[in-house]
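Using the sequences and the hints given, assemble the complete structure.
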Amino acid sequence: MAIVGLKMVRIAQVDPLTQAIVPKEKSVLGTDVLEIDETFFGTKTANITGIEGTLTKVYGNNVQMDAMVGGSAPAIALDVNNLGFGISQGLVGRLSDGKGGFVSDGSKPHFAVSVESQTLDRKESVFFNFGNGLFTAPTQNIGTDTENQTRQGDNLTFTALSTKAFNKEPFKPYFTGDEGFDMANMYKETFGGFKLDTGTVTPPEGGGNK
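Each residue of the sequence shown is one higher than the one before, starting from 20 at the first, in my numbering.
Calculated directly from the structure, the hints in this document are not laboratory data.
Mixed in with the good hints, there may be bad ones.
The calculated DSSO-like cross-link candidates involving lysine-lysine, where the alpha carbons are at most 30 Å apart (straight line), are [unchecked claim]:
| no. | residue 1 | residue 2 |
| --- | --- | --- |
| 1 | K43 | K187 |
| 2 | K63 | K214 |
| 3 | K183 | K127 |
| 4 | K214 | K76 |
| 5 | K142 | K191 |
| 6 | K127 | K191 |
| 7 | K63 | K45 |
| 8 | K187 | K127 |
| 9 | K191 | K43 |
| 10 | K127 | K45 |
| 11 | K63 | K127 |
| 12 | K26 | K214 |
| 13 | K45 | K183 |
| 14 | K187 | K26 |
| 15 | K214 | K142 |
| 16 | K63 | K43 |
| 17 | K45 | K118 |
Keep in mind it's a predicted model, so treat the numbers as computed, not measured.
So, in C-alpha cells, the structure goes:
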C-alpha cells in the first residue's frame with residue numbers, strides 16, 4: 020500500500036526499566052506526549068531502516084533449502100525543522116547546568132516514537148510506532164550564509180529497542196482503516212500506558228520490574 024506525506028511525529032519519554040511514560044513534570048520534553056507540530060515548524064523527513072532483519076539463505080545438497088531472518092533493528096533518521104534547544108539537548112541526554120551549558124551524566128533517557136503518514140486518499144493514517152529507544156545526534160553541519168540563508172535543522176537518529184507492550188518487538192505498525200483500530204489503545208501500548216482521554220497513566224502491558 021502506498022503512503023503519502025509525513026503528518027506528525029510524536030515523542031514521549033519512558034522509564035528505561037518499566038517502559039512506563041515519564042510524567043510531564045519529570046520529562047525532559049516538558050509534556051507527556053510531544054507532537055512536533057507547527058510550533059517547531061514540523062518534521063521534514065523520518066526515514067526508517069531495519070524494520071526487518073537480514074535474510075540468510077540455508078543451502079543443502081547444492082540447492083537453497085531454507086532461509087533464516089535475523090531480528091529487526093529499526094532506526095529512524097529524523098530531520099526536524101526547529102526544535103527548541105533544550106528539547107533537542109534533552110533528547111540526547113544533555114541537561115542545563117544552570118549556567119548556559121548543557122552536560123550529560125553519561126546515561127541516556129529512553130523515548131517512545133510514533134511516525135504518522137497517510138493513505139493516498141488522505142482518509143486513513145498509517146503509524147510506524149516504537150515503544151522504547153534512544154536518540155543520538157552524531158553530526159552537526161554548519162554553513163555560512165551567502166545571499167541566501169544557510170539553515171540547518173535538527174538531525175537526530177532514533178535507535179529502537181525491545182518494547183514490552185509490543186511482545187518484546189521493537190516496532191509495531193498501526194492502521195486506522197483496520198476494523199479493530201483503537202486510538203486510545205495505540206497510545207497506551209506505544210507511550211507506556213498513557214491514557215489518551217484524560218492524560219492519566221495506567222501500567223503498560225508487560226510493564227513493571229520482575
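Each hint, compared with the structure:
Restraint check for K43 and K187: the C-alpha separation of about 25 Å stays at or below 30 Å, so the hint holds. The suggested pairing of K63 with K214 holds, with an alpha-carbon distance near 28 Å, which does not exceed 30 Å. The straight-line distance between the Cα atoms of K183 and K127 is roughly 19 Å, inside the 30 Å bound, and the hint therefore holds. Proposed proximity of K214 and K76 is contradicted: the alpha carbons are some 44 Å apart, above 30 Å.
Taking the CA atoms of K142 and K191, the gap is near 21 Å; set against the 30 Å cutoff, the hint holds. With a CA separation close to 23 Å, the supplied pair K127 and K191 stays within the 30 Å bound. Under the criterion of a C-alpha separation no larger than 30 Å, the hint pairing K63 with K45 is consistent with the structure, at around 28 Å. Using a Cα cut-off of 30 Å, the hinted pair K187 and K127 holds, with the two alpha carbons roughly 20 Å apart.
About 24 Å separates the Cα atoms of K191 and K43, which keeps this hinted pair within 30 Å; it holds. Among the hinted pairs, K127 with K45 is consistent with the structure: their alpha-carbon atoms are about 15 Å apart, no more than 30 Å. Only pairs whose Cα atoms come within 30 Å are accepted, and K63 paired with K127 is accepted, the gap being roughly 25 Å. Proposed proximity of K26 and K214 is supported: the alpha carbons are some 22 Å apart, at most 30 Å.
Restraint check: the Cα-Cα separation between K45 and K183 comes to about 22 Å, which is no more than 30 Å; the hinted pair holds. Between K187 and K26, the direct Cα distance comes to roughly 27 Å. Compliance with the 30 Å bound is thereby established for this hinted pair. A hinted pair counts as satisfied when its Cα atoms are at most 30 Å apart, and K214 with K142 qualifies at roughly 25 Å. About 26 Å separates the Cα atoms of K63 and K43, which keeps this hinted pair within 30 Å; it holds.
Of the pairs offered as hints, the one joining K45 and K118 holds, with about 20 Å between alpha carbons and a cut-off of 30 Å not exceeded.
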